[in-house]
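Engineer: The numbering used here numbers the first residue of the sequence shown as 31 and each following residue consecutively.
No lab work stands behind these hints: they were computed from the structure. One thing to keep in mind: the hints can contain errors.
Below, a list of computed lysine to aspartate or glutamate pairs in the DMTMM-like style, where the Cα atoms sit at most 20 Å apart [as the list claims (entries may be wrong)]:
#  : residue 1 : residue 2
1  : K103      : E88
2  : K103      : E122
3  : K118      : E88
4  : K136      : E88
5  : K114      : D125
6  : K92       : E137
7  : K113      : D125
8  : K103      : D125
9  : K127      : E137
10 : K134      : E122
The structure displayed is predicted, hence computed values, not measured ones.
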Amino acid sequence: MTKKKAAEGEGDAPKKTVKKAAAKKAPKAEGEEGVKKAKKAPAKKPSKSKSKKAAEAEARVKLFWGVFSPTMKRVAVFHYHEKKLAEKKAKEMSDGKSPHFVSKIKEAIDPSA
């Protein structure tokens, strides 16, 4: 036990800390000495209350049947409930020629109209 007390007694003295020498800065190049550092603009504080944008209403669409040529040109348009007429028109246009086909078309509805 006496050895432990003796070891503890030695630790009472303050320990010396070694400071590292500060690194020296490289000398400035000619012309840099006269140039002042540009001041930074103060950072903008974020506003506490941000205004929320009104949620945009989804655009309403109306569905049509379109008759298309093989080059994807729209030849005719029919209302959605007239699918049989659209298929008949595609069959007429395809007789002896390149085949036309029927596809759905979605067009936006103007809310002001």
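Engineer: Now tell me, hint by hint, if it's right for this structure.
Structural biologist: Here is what the structure says about each hint:
no.	hint	verdict
1	K103 / E88	28 Å, violated
2	K103 / E122	16 Å, holds
3	K118 / E88	34 Å, violated
4	K136 / E88	14 Å, holds
5	K114 / D125	17 Å, holds
6	K92 / E137	5 Å, holds
7	K113 / D125	19 Å, holds
8	K103 / D125	17 Å, holds
9	K127 / E137	29 Å, violated
10	K134 / E122	19 Å, holds
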